[in-house]
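Visitor: In the order they appear, the protein sequences are chains A and B.
Using this note's numbering, count along the first sequence one by one with no gaps and you end on 332.
Using this note's numbering, count along the second sequence one by one with no gaps and you end on 621.
It should be emphasised that the hints constitute simulated quantities derived from the structure, not laboratory data.
Yeah, the Cβ is synthetic: ideal placement off N, Cα and C, and Gly gets one too.
Don't take each hint at face value.
To be verified - With a straight-line Cα cutoff of 30 Å, these simulated BS3-like cross-link-like pairs (lysine-lysine) come out:
| id | chain 1 | residue 1 | chain 2 | residue 2 |
| --- | --- | --- | --- | --- |
| 1 | B | Lys410 | A | Lys320 |
| 2 | B | Lys478 | B | Lys410 |
| 3 | A | Lys223 | A | Lys35 |
| 4 | A | Lys170 | A | Lys152 |
| 5 | A | Lys223 | B | Lys615 |
| 6 | A | Lys155 | A | Lys170 |
| 7 | B | Lys478 | B | Lys615 |
| 8 | B | Lys478 | A | Lys320 |
| 9 | B | Lys410 | B | Lys615 |
To be verified - Selected chain A positions facing chain B (in silico; Cβ < 7 Å):
| id | residue |
| --- | --- |
| 10 | Ile87 |
| 11 | Trp91 |
| 12 | Trp93 |
| 13 | Leu275 |
| 14 | Leu279 |
| 15 | Leu282 |
| 16 | Ala310 |
Unchecked claim - DEER-style ranges, computed between Cβ atoms:
| id | chain 1 | residue 1 | chain 2 | residue 2 | range |
| --- | --- | --- | --- | --- | --- |
| 17 | A | Val3 | B | Thr495 | 30 to 36 Å |
| 18 | B | Ile453 | A | Glu22 | 41 to 47 Å |
| 19 | A | Ser88 | B | Val406 | 38 to 44 Å |
| 20 | A | Thr302 | B | Glu449 | 29 to 35 Å |
| 21 | B | Val599 | A | Arg215 | 28 to 34 Å |
| 22 | A | Ala252 | B | Phe602 | 41 to 47 Å |
| 23 | B | Ile453 | A | Gly123 | 44 to 50 Å |
| 24 | B | Ile456 | A | Thr302 | 47 to 53 Å |
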Amino acid sequence: MAVGLVALLALTLAVLTPHPVESMRLIFAGAFGDKFGVTRTLVKWIPLVLTGLGVVIAWRGGMYNIGGEGQFVAGGIAAAFAARPLISAGWGWAGLAPVLLLAAVLGGAFWGWLAGWLYVRRGVEVVISTILLNFIAIQGLAYLVTGPLQEKAGKLPRTDPLSSAQALPKFDPQTDLHWGIFLALVLPLIVFIYLYRTRSGFRLRVVGENARAARANRIDAPKARALSMALSGALCGLAGGVEYMGVTQQLAPSFTQNWGFLAIPVALLAGLHPLLVMLSALYFAAILAGSRNLAGFTADGTVLIYVVQAAAVLGFVGLKAWSDRRRVVVEA
Amino acid sequence: MDFAFLLVTAAPLIYAALGEVIGQRSGVLNIGIEGMMLVGAFFGFLVAGKTGSWPLGFGIGAACGLLLAIISSVFTVKLAADQVVVGTAINFLALGVTGLGFRRAYGQSGQLLTSPELPRIWGIDPMLVVAFLLIPLVWWLIQRTKWGLALRGCGEYPAAVETSGFSVNRIRIQALLFGGMLAGLGGAYLSLAVAGSFAEGMTAGRGFLAIALVTFGRWRPIWVALAALALGYAQSLQYSLQGRPIFGVVIPAQIWLGLPYVVSLLVLIFVGSGTVTPQALGKPYRKEG
Chain A
1 MAVGLVALLA LTLAVLTPHP VESMRLIFAG AFGDKFGVTR TLVKWIPLVL
51 TGLGVVIAWR GGMYNIGGEG QFVAGGIAAA FAARPLISAG WGWAGLAPVL
101 LLAAVLGGAF WGWLAGWLYV RRGVEVVIST ILLNFIAIQG LAYLVTGPLQ
151 EKAGKLPRTD PLSSAQALPK FDPQTDLHWG IFLALVLPLI VFIYLYRTRS
201 GFRLRVVGEN ARAARANRID APKARALSMA LSGALCGLAG GVEYMGVTQQ
251 LAPSFTQNWG FLAIPVALLA GLHPLLVMLS ALYFAAILAG SRNLAGFTAD
301 GTVLIYVVQA AAVLGFVGLK AWSDRRRVVV EA
Chain B
333 MDFAFLLVTA APLIYAALGE VIGQRSGVLN IGIEGMMLVG AFFGFLVAGK
383 TGSWPLGFGI GAACGLLLAI ISSVFTVKLA ADQVVVGTAI NFLALGVTGL
433 GFRRAYGQSG QLLTSPELPR IWGIDPMLVV AFLLIPLVWW LIQRTKWGLA
483 LRGCGEYPAA VETSGFSVNR IRIQALLFGG MLAGLGGAYL SLAVAGSFAE
533 GMTAGRGFLA IALVTFGRWR PIWVALAALA LGYAQSLQYS LQGRPIFGVV
583 IPAQIWLGLP YVVSLLVLIF VGSGTVTPQA LGKPYRKEG
């Protein structure tokens, strides 16, 4: 698998760039070359793990949530709203972090649950409702940073930045790696335990895997589906809160960098397994961080990640479909 | 406000949404339409700009949309892979390829982006006329032809279509390719006729919007086109009403921009998807035996 992924990157570079070997070296150096490269990779790894886990939970429940983007933004907005009065009251990061991150979780969970409710009660495809909810969250953010959440100076469309005493602490003042990484290390295990060691997680998987079997066993499928969307939204929202408190430290219209969509290949490549998400997120985080280095030398660079993601997903899907095309039974 | 301007802003959505209607009626939910529009916008603009010929630009735009649709159909129809997954990958592919192409073609030189002007009479250009002619054409195709009947069957109960001697997969591929071509045309229209320029990721969710419009217009070509016009109207309002008070309240531009999505969502909340949704939408078909 790992060899295949490196080969995939090499192949993409060979097709698209004039100097594939040099490009490969630059990407690798940019991702792992020194402590700055490693931390750059890990900083990108955190939101990819959290949103990737969000996609895993929803898709395991049979809900094709492509609204990670909107839920990420909803989490950021909720955290920024919570931050405003607390910052005026002079709170430091230790007090802010639990409150803001909880707000982010609730904000994201609400945004995800909304799509779940629409599916369960109104029969609206999750794909369609999450697309709409993405637009609404992003437009809402654009409005809020020029309105109720705008900086006190009132000039630019952004919130007031958190000070270093209010943001999540960093390990090393020279690099951007923040304490949010603990969440990315612990949550995959928690999601794994939830999905494979609890009743609720088991029901969620049964509903996603085989809705008929779920009905035969009197599992409340609508409830499990709405729950899977709420949990998925909670994780994506948390990612937004952590990104706000740890990296951007303020909200602006450009707050989300496609995290919600990048999460889909992360989850797929991990085979929708919560622990493997850590590895697939590392692969994409390294390419994200490394291609930034490439961008310093050539015109292309940062958009490379999209091509690699597309190639990875299509390759993965193609291989999987090819290998089990004979086994599938026609739906009754 | 200029009436022709309203039609011009709505046209890319009409192209894309009509393409999506055909796809969804056949049971294929094409998420990759966003990417198909984007390649149409970039390569259409690139070729029209280099050759100075706008018809060639539209031709290339349609061909690029078609090419992505072919890739998509191999995975979603032939290999019966999940349509959401493949569509997401198609969008990434388009974002990456057009981003790279744009930087290679225009990035370093800093040259001015130019494209040939379309001929216009009272603000109406030929491709706008084509967009509006497509509305009755697509309706006729779906409702009045044998192929359209089979197409609708593929979206509702594919096994019955297969039994009557049609190939479900062939019809779905045809529908997907037709839709991809229209999406490519819509993208080319966006860059060549609406914007007169190209920017990275310039479709900015219009393909997703087309998907929403299909639901909003209840899978009927004429209603979908009307919904696209209404949306174009709402979007053009933001220019004319920006900063002007209504009943003494100034409504910010972002609220206007968000309004169409909120309205679509409210319609879904109160009306729901109902029974008009193609029953087999999003489900791959496999032959028995």
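Visitor: Does each hint fit the structure? Answer for all of them.
Guide: Taking the hints in turn, this is what the structure says about them:
{"no.": "1", "hint": "B/Lys410 <-> A/Lys320", "verdict": "holds, 13 Å"}
{"no.": "2", "hint": "B/Lys478 <-> B/Lys410", "verdict": "holds, 23 Å"}
{"no.": "3", "hint": "A/Lys223 <-> A/Lys35", "verdict": "violated, 46 Å"}
{"no.": "4", "hint": "A/Lys170 <-> A/Lys152", "verdict": "holds, 26 Å"}
{"no.": "5", "hint": "A/Lys223 <-> B/Lys615", "verdict": "holds, 23 Å"}
{"no.": "6", "hint": "A/Lys155 <-> A/Lys170", "verdict": "holds, 29 Å"}
{"no.": "7", "hint": "B/Lys478 <-> B/Lys615", "verdict": "holds, 23 Å"}
{"no.": "8", "hint": "B/Lys478 <-> A/Lys320", "verdict": "violated, 35 Å"}
{"no.": "9", "hint": "B/Lys410 <-> B/Lys615", "verdict": "holds, 13 Å"}
{"no.": "10", "hint": "Ile87", "verdict": "violated, 24 Å"}
{"no.": "11", "hint": "Trp91", "verdict": "violated, 29 Å"}
{"no.": "12", "hint": "Trp93", "verdict": "violated, 30 Å"}
{"no.": "13", "hint": "Leu275", "verdict": "violated, 21 Å"}
{"no.": "14", "hint": "Leu279", "verdict": "violated, 19 Å"}
{"no.": "15", "hint": "Leu282", "verdict": "violated, 19 Å"}
{"no.": "16", "hint": "Ala310", "verdict": "holds, 4 Å"}
{"no.": "17", "hint": "A/Val3 <-> B/Thr495: 30 to 36 Å", "verdict": "violated, 46 Å"}
{"no.": "18", "hint": "B/Ile453 <-> A/Glu22: 41 to 47 Å", "verdict": "violated, 53 Å"}
{"no.": "19", "hint": "A/Ser88 <-> B/Val406: 38 to 44 Å", "verdict": "violated, 57 Å"}
{"no.": "20", "hint": "A/Thr302 <-> B/Glu449: 29 to 35 Å", "verdict": "holds, 33 Å"}
{"no.": "21", "hint": "B/Val599 <-> A/Arg215: 28 to 34 Å", "verdict": "holds, 30 Å"}
{"no.": "22", "hint": "A/Ala252 <-> B/Phe602: 41 to 47 Å", "verdict": "violated, 34 Å"}
{"no.": "23", "hint": "B/Ile453 <-> A/Gly123: 44 to 50 Å", "verdict": "holds, 46 Å"}
{"no.": "24", "hint": "B/Ile456 <-> A/Thr302: 47 to 53 Å", "verdict": "violated, 40 Å"}
Violation of the numbered hints given earlier is confined to hints 3, 8, 10, 11, 12, 13, 14, 15, 17, 18, 19, 22, 24; the remaining hints are satisfied by the structure.
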